[in-house]
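Q: Given chain G's structure and the hints, the job is docking chain H onto it.
Residue numbers (our numbering), protein chains in the order written: chain G, 1 to 276; chain H, 1 to 332.
Quick caveat, the hints were computed from the structure, so don't treat them as lab data.
Treat the hints with caution; some may be incorrect.
Label-pair ranges, simulated between beta-carbon atoms [stated by the list, open to error]:
(1) Thr190/G / Glu106/H: 33 to 43 angstroms
(2) Gly122/G / Arg10/H: 47 to 57 angstroms
(3) Gln181/H / Arg182/G: 36 to 46 angstroms
(4) Lys101/H / Gln265/G: 28 to 38 angstroms
(5) Arg182/G / Glu61/H: 24 to 34 angstroms
(6) Ser8/H / Ser114/G: 55 to 65 angstroms
For every residue, glycine included, the Cβ atom is placed at its ideal position computed from N, Cα and C.
Spelled out from the first residue to the last, the chains are:
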Amino acid sequence: MARKVTNTRKAVVTVIAWGIGLLIFFPILWTILMSFHAEGDAIKNPLEMLMSPWSFASYAEVQTRSNYSLHFFNSVVISVGSTILALIIAIPAAWAMAFVPGRRTKDLLMWMLSTKMMPAVGVLIPMYLGFKNIGLLDTRTGLVAVMTLINLPIVVWMLYTYFKEIPGEILEAARMDGASLRSEILYVLTPMAVPGIASTMLLNVILAWNEAFWTLQLTTHDAAPLTQFIASYSSPEGLFYAKLSAASTMAIAPILILGWFSQKQLVRGLTFGAVK
Amino acid sequence: MGKIVLKSVRKSFGEVDVIPSINLQIEDGEFVVFVGPSGCGKSTLLRLIAGLEDVTSGHIEIDGTDATDLPPAKRKLAMVFQSYALYPHMSVRKNIMFPLKMAGMEIGEATRRADAAAKVLNLTNYMERKPGQLSGGQRQRVAIGRAIVREPEAFLFDEPLSNLDAALRVNMRQEITELHQQLKTTMIYVTHDQVEAMTMADKIVVLNAGRIEQVGSPMQLYTNPANTFVAGFIGSPKMNLITGPEAAAQGATTIGIRPEHLDVVSSGGWEGIVGLSEHLGSDTFLKVETRTAGTVTVRADGDIRLRHGDAVNLLPQVGKVHKFGPDGKVMA
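Isolated chain G (complex conformation) (with noise of 0.2 angstroms):
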């Protein structure tokens, strides 16, 4: 029998799902309100910024004060960087774990997502020696090696999920057909896993650009990404909220407007394989 859905219950569900959506969105709202106001009344209570004028004063101060051009420049330098050597680097990977397993491919998988479970901190002094003596702190190179390396696990994982959606028979095929590895890597199974390495792609760049560690960390001011730029407004002289949420406005609007335009391929991404 085929569940009843009531109106009253399709109301119901509709306000719950409105309600959690915005309590979600709520931070990134306040800080896109905050943004417009004066730093005097961004932290008046709540109803007062509401009816307090609106401006634009923050924007342009934040502009004068620190060169955003630059650190967005570094962000996509990064984060697109890192996930195109990811990619080059996990494609064969989880193209031999999804179709040469061997004995140890399940504990190889596992002790690769294991070390994101350790805290980034706990390695942070011999990162940050090893960069000063190889004299990588502070340029863009370091942070794309770092980022490639702290997000390589998920990207294998991901892509060895898709591969393994594939059937062998078509890699088979392509053998049977004269294809030599590369071609076969090459021709046929990224083709068929573009879903896949798209989503991939998308969220390691999401998670690249969000990335606050190590970006904070290991640069100071040439390779420092949007991060740095949003935390150069939290400084120890006091808080300037509607600077600060101008700042960070512009350091998310364009990873949000990203992810407006591909959250379909994303949804379809992360629950690749879940429904046949």
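A: Chain H alone, transformed into the frame defined by chain G:
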């Protein structure tokens, strides 16, 4: 030249011997069918020949050279899979041209060959479609097209028709047979369907539990089965295998008689009662409970008027009774 020789080929997965040891010679241009119940190792044997699985021991020779350690791509064989295994992101044309592209063939020549293959297989109007937009039979044709453009030494078919409906299966069976007559290339065809084996093969290899039970032409297997397994497996409906007093009377452990070799007579022979009668129009299959020979199937005329509960007498035709010894092998 597509002569394939298997010498003491053994395959085991861990502790399990899937194929204990097989010796087999397949001549150039032959249409060979591997047939057997599921799990008998026929697909594994095909995959060993293809190079998709490594042999545990033994040698595989293709065209006179040892191919045991060659990768699939170097064996000059083409394979058609049960699931068709088409590349879903490529058009029909690109699917068919893929092996040529891999061989580094110049694009004009590759296109010409793909078009020629498409013409043979009636695919000309579908060249720009993706596999997802084709019916099962068309997909199967594309898979065959992809195999023929390479002009391989031999074709390997792994249960290619089992995903098709009955009517289409009969059509494709004939198309593949005609293709073999045209190309005269060695074909190895795996199936669990003995009708496909009988209708298509020059030579049938009957496999059971990784062992070859018998090799021979369809009619050889039909008229002279080497043992009770082949006797029961080849032919439809199945041969009646009878043990007990009727077998002992003929000096055998088991006697075999095909349904079409039992005549319904008015007196004498084996007495019995009709249990079930299936009228197919051209034939009638009778299940008869006999007093001395157990339940037997009889193939009678289409217009025979016998129903459930009628008494009948059955007489085996002279010279059509197969005698098997205690080991299940045919007695000389």
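Q: Can you give the numbers of the hints that this structure goes against, from lowest to highest?
A: 1 and 6
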